[in-house]
Every structure is written in structure tokens, then in C-alpha cells.
Amino acid sequence: MFKRGTSLVGVLVLIALILVACSPAATPAPASDSSGSEATTEAEAAPASGSGEGGTIIVGLQAEPTTLDSQQISDYNSHRAAYGLYDALLRFKDESTAVEPGLAESWEISDDGLVYTLKLRQGVKFHDGTDFNAEAAKFNLERQIDVNHPFHDTGEFPYAEFTWGTVDKVEVVDDYTLKITLKEPFAPFLNHLAMHPAAIVSPAAIEKYGRDISNNPVGTGPFKFVSWTPGVEVVLEKNPDYWRGAPHVDKVIYRPIIEDQSRLTELEAGGVNFIVNIPPDDLARLKDDPNLNVVEQPGMHTWWVAFNQAKAPFDNTQVRQAINYAVNKQAIVDNLLQGTGTLAVNPLPPVVWSYTDDIQRYDYSPEKAKELLAEAGYPDGFSCSFWVPESGSGMQQPVAMGTAIQADLKAVGIDCEIQTFEWGTYLDKVIVPPEDAEYDMFEMSWIGDNGDPDNHLYILLSGEQWPPQGYNMGFYKNDEVDALLQEARTTLDQAKRTELYQEAQKLIAQDPPWIIVDHETQIVAMDKSIKNFKLHPTGPFRFENVWIEE
Amino acid sequence: MTRYVTQRVISLIPVLIGVTLLVFLVMQLAPGDPAQIMLGPKATESSLAQLRHELGLDQPIYVQYGRWLTRVVQGDWGRSIQLKREVLPFILERFRNSAYLMVLAVLLACSAGIPAGIISAIRQYSLDDRVAMILVLVGFSIPIFWLGIMLQIIFGLKLGILPVSGMQSPGQTGMLDLLKHLILPAVALATGATAIIARMTRSSMLEVVRQDYIRTARAKGLTERTTTGRHALKNALIPVITIVGLQVGYLLGGDILIEIVFSYPGIGLAMVNGILARDFPLVQGAILLVASSYVLINLAVDITYAYIDPRIHYEQ
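If you're matching them up, the sequences are chains A and B in order.
When the letters of the first sequence are read in order and numbered with numbering that gives the first Met the number 0, they come out as residues 0 to 549.
When the letters of the second sequence are read in order and numbered with numbering that gives the first Met the number 0, they come out as residues 0 to 315.
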């Protein structure tokens, strides 16, 4: 069988040689028509003439998208992959959550805040060639809201209730005028018209594909759908007839690469040229890499530890203040998050309007913590349970951060025992009414949806929003805060609303509901050749104004 | 023989029903609500209730199980809650992808492990034997995900000769492209199995070459090559085949880790995502498929004995 003298060591060397001799894999480096033009500055709004057209952006996503029907989306990966396919009725301005015209050119709000009249853009066509008009818009909204709509069963609409819950009726006034009537005045509603459930899908395509619209998306956006191979890639190509003007790049491909380390290796090896979620340990190295560009933007995110305020000792304001002093939040941000988050002093992220940091702060001070605990009647501290998820959307490094907090609390005599849970189980056990709450303390985070302060302060801290009504998990209750938040959400004047929210932020800081730790920074890394990319606070990637320059 | 195979196939049915029942109960008893996970923390109570109703989750468990099993038998494996598409075509495609990986890994493991074991055995205590046995120890002890990441960094990044992850390069569908993507995950997956197969082959060979009939063969003046190749190897391989069959089960476990590290769109990754999303129809379907294939592979192993070992007869 084997010739005498064949050495196993020799065979191993041979195998190694064969492997090394394998021809190099074709790395899909973005092809570009540019002819070696000079580097342009990031501020330029368009590529130098004759360069920067064409090329492919390959995005390494964290996980597989679950749907490309914008109205069915409930996760970031789907949102990012589907974003370029659609236009919403209104649009969030670049790098901001203020709204500007989208498929609606202009809008009017009645004085009582109940009727929104939208003038729609004429001459816009869906990718399947059908016309966008008021009937199409009405179809899209009613498909989500009305359980008797003939196409309601073509999907599940996780955000319908949130986005359209206050809508009473949707009417077509004429071909290009849509009237939306609300049940009660609701100031943040205008922003909802720019959210992903307000992205308009072709009614003809919904009729054609039924439930399979989820993987055969048709919109009006800057990119058209080409293919979706589950687990492999979602391919979009440019829409040359886009009403705002055709994008510069030919294709955008989204690849799910689950492992953070593998995604990074893919970027460095050139298998992708754009990635999300950089592991904190690698951030500094990537920033130093001359071939890569790291883009950061503070997101609408807050990370905190909540208490069960329905029972002692957490019903005591002094105890919650003491805990806030006891935790070295700056150390967590510096040593664990390493620049992937910024210190938070307020439940509201700084990117959301009305944010103020002119409020009471809780800088690290174990001495103050001990004093306050003694005043509150707990000179020797107490023991409690502390729930931590193993991982989870927006949870950053839940276990490491939880352990750091546990150690800080131990130093002032509070002995908490960490219990970890899988994310699905965790959500099930923390979003519960007071009578079912088994926790003392738990970690949570929130990513804003519509850019309105109401989306953070009211939903998370109003006394009317205890689960199951809302997401005031931990059962914070402050009557003065409640009154301000209620007034602010029904007031239309933004200056007045800003005043009310700032007042509420001050009161909340004096009576802290949580240990407020950080706001996560959105970070993406891309090949240096990708120009003019801007992150948006709501999370999706806008590639319509991006070009590639070799 | 036919009768034996038929009996074995029929006996698979209760095994598979047992598997589905177990999976169904485990998934249902695990805390976490698919509707809640799907709609996220921002869902309202009424939309949750409606979704649970649409998904049939508001029915008693036995009703859900009965309905599911009836439909599975009829070929309707349901719709994935998370991916919003038909389960059966989806998991079949994912299973095919994993099969590529597993077949290549098994081939690599056998073609490296069996020769290594033979050489070690016939040259016991030589340098080759010692090097091989040290490599076996290393191969068996290396954590598979770490090995995967190292292979990515060495061959994908530093040498740049093989793709880092995925199954195909964007826009490519060719066999060569697929093969390039398969090499690193298959090597990582095969390492542990190679080690076990090499060890098993070695000890089995060592036992056989000490048998009287081998001494007789040598005494008859047969060449060393005929003696080891024809007489010893055939008998030594029987336990090795059992091990290879069992390895397929272990490979399925390692396959899940490897598919995560390499973002390889196989059945393992589909199951992990499905479990995290409490996607009952997907997970149940995938486990049923995987369990059936495992049972069938074991059946195939049993049948292979008959051809290799003349002492085994299945006729009664």
C-alpha cells in the first residue's frame, strides 16, 4: 500500500505545500471606473467628474435579515438590508431626526393636531413600473392597521401598533393628496411618517406575491432588489430612474457574518468592504489602519440598570441615589467599552432634541453612597438579586458590565447576586407587571425609533407605562414627571415641548429611576475607497450618495 | 438482507416520533415567547395576542403537536416564524450546504486519519509514529472554533489564498468557488475526527498484526504489502467504520460551531438562529431532518459491516 520509506512527515510537508500553492481566491475588490483621480475630501457632495461611478459595496451584517418588507421589519439587520429599496412618506434628514419631504412633498397639520394632510410627489414609479399615488399610500397604511384589509394577512407588522396606533382613519382626497386623521393629538406622529412602517411597498407586488412579498420586495427607492440567498447575500442594484437621481454605486450586497472576529477578518482580507459592530478591543487598531476608514456617530441608545421600585429598598429615592454614586460609570465606559460608548447622565440620548446635561449628576463617590445609604436606614447595605442577559440587541457587554457594577456595589455594602439568562427568556421575565416581577435589579437598554423625546421618556418612565401597558420596567412613578410628559406629548409647539421635557429631565435626575451608564456609539468601518458615507442616528445605511474611488 | 433493512427502516419511525416529541416539549417548556421575541420589546399586548393567535400558539401543546405532526406527514412542514418562508425547502437547502461540508470533512478525516493510523501501527515507536501520535493528541484537544479563527487569519488574511467566510463569493455560483470556501471550515471540522480515526486505526491495526493468521501469511512468504494491505487492513477497518459512523454525530455538533465561525449557511446555523428566535416550526423541522439523517447513516454503517466482515450475516 505504501512504498517503503514514504515518511509521514514528508506527507505532511506535501499537504502544506499543496495548501500554500492553492491559487489566490478572487477577492471581490470593488471595481471602479475611476481613473486614479486625486483623493477628494470627505466634505465634497459629489464625486469629481468622470470618477466614482460604479463599483460594489459589500456590507458585513451581524446576522441574517429576516424580511425585506419594510413594514414587517423589527430588527436592525433587516432594516439595513431593506432600507435602500424604499422611500417613506417623509424622510429623516441626513445625520438628524428632523424630517424633510419624502414621497410626500409637503404636509399640513390642523390646529387641533388631529388631521395630517400630505401632498404626494407626482411621477414616482415603483420598481415594477406601477405608479405611486394616494391610493398606494392608503393601501400601505391600511394593510398594516386594518385587520379586515384583504392584504392584512400578507405579513406580521410588529411596529404597526407603535407607529399607527393613534390613527383613526386614512382617506384619499385626490390622486396625490392623502388625509390621515388621528384619534387624539399626538405630537411625535410626524416623525412616524419617516419611520420604516411608513416606507411604501408596491401594492401590485403585494397582490402578486402575497406573503412572499417578504422576499420579493418592490419599492420606489434608490436601489432595486436583485436576489436574496438566505445565509449568503442580499443583492441590490442601483435604480437608474430614481426620482432623486441615480446612486453612484452599481450594487450593494449585504452578507451576514455572525462572528465579530470573522467579520473583521473579512474586512481586512477584502471579502467585504464595509462592516458593522467593531469589537471594542480592535477599535484602536482599525482606526490606525491607513486602508480603512472608521465612521462614528452617537446613536439613540441608552444602557441602564433598573430596580424593582415596587418594593423596598428600591422604592427609596436615597437608595437609588446612593447606588448611582456607588457605580463608577466612567470606568465602565473607559475600560470595558473602550470608546464604543459615551458616559450617560440622562435617560435621553444627547442626539435627541431637548436633551440637557444641566441636571444633577452622580459622579463616582463611594463615600456619598455610604452616607446616603446610612441616611436611608441601610448603614450596612443589603443584598439583592441582579439579572443579566448573556447577550441581546443593544446590550453591549452585559455580563462584563454587570460584573463591574456588582463589584462597585459590593464596595459600599450592597451584595448583589448575578443571575444570567438567554435573551429570549430574559425579555419574557423582565417585561412583566409588578405582581409578577421576581427581580431586584436588571440590565436593560433602549434604542429610539422616531427621534422624539417621547419615545424615550414617556414610554420608559411614565407611571402610565408600567408593563403590560408600556416599557416602564422597574415601575418608576413620579407624579410631577408624569404630568409634564403627558402635557408634552399632546402639545404641538416644539419650543414649548422642549421646555417641558427639560423640566422633566431635571426632576428625573433628582429622583433617579436607574443607574444610567452609557449611550452606545454607532461605529462602522469601511475601505478607504468608500467616500461620502454618513451614519444616521436611526441605524440604517444610506448609500445613495456614496461613491467609490480607487 | 432486504428484510433486515426493511425492519430497520420501520423501526426508525418510533425513534423519529420520540425525537420530535422531545424537541417539541423542550422548545415549549423553554421560557421565552416567539411572539415577544419577534415583535421585540416594543410590542403591545394586543399585537402580541393577535400574533400568538395567528401562529396557533394560543392552542394547548398537544393540539399544536398533533397539528404539526399531521402536516409534516403530508409534506407541509409549516412556515418559519422568523424568516417568513416555507420551512421544508429552506431547511433542505441548508441541509444540502451542511452535507457538502460534512462529506468533505469525513473524506479529509478518513484520507488523513486512516493512512496515519496504518503508518503509525506498522512502524510502531518510530519517529513517524511519535510525530503522528503527538499530532493526534493536539488535533483532538484543539477547540474547534479557535482552530477555525486561526485558519481564517492564516489562510484568509495573512496568506490571502482562501476566502475567510461564507459559502460563495458575491455573484459566483461555480463549484471551484464553492470548494475554495469549503476548505477551511472542512479542515477545521475534520481535525478532531482525523485524530480519533488515526488512533482507532492504529490500535486496531496493532491488534490485528499480532494475530496468528498474519504470522501465517508472512510465513507463506507473502510480501509485507499484501500482508498488511489485504489481510490486516480489511479486518482492522471494521471498528474504524463504526467510529467513522459515530463521528458523523460528533461532526454535526462541531458543524454548528464551525458554521457560526465561518458564517456558513448550513443547517446548524439555521438551528441556532431558530432556537434564539423560538422559531418552533424551523427548529422542529431541522431537528427532524438531522435526526433522520443520523439514524440513516447509522443504518448504512451497519449494512457496510456485512460487506466488510464475512462473519456478519443479516439473514435469519
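By construction, these hints were calculated from the structure, which means they are not laboratory data.
All C-beta atoms, glycine included, are put in the ideal place defined by N, C-alpha and C.
Heads up, a few of these hints could be off.
[To be verified] These stretches of chain B come out as covered by chain A in the derived footprint (C-beta under 8 Å, 3 or more residues):
1. 45-53
2. 99-108
[To be verified] When the alpha-carbon atoms are kept at most 30 Å apart in a straight line, the in silico DSSO-like pairs for lysine-lysine are as follows:
3. A:K124 - B:K83
4. A:K207 - A:K92
5. A:K137 - B:K83
6. A:K527 - A:K476
7. A:K207 - B:K83
8. A:K92 - A:K178
9. A:K495 - A:K92
10. B:K83 - A:K168
11. A:K286 - A:K527
12. A:K409 - A:K310
13. A:K118 - A:K207
14. A:K505 - A:K92
15. B:K233 - B:K219
16. A:K367 - A:K409
17. A:K428 - B:K83
18. B:K157 - A:K527
19. A:K286 - B:K157
Mind listing which of the numbered hints don't hold for this structure, in increasing order?
Hints 2, 4 and 6 not satisfied by this model.
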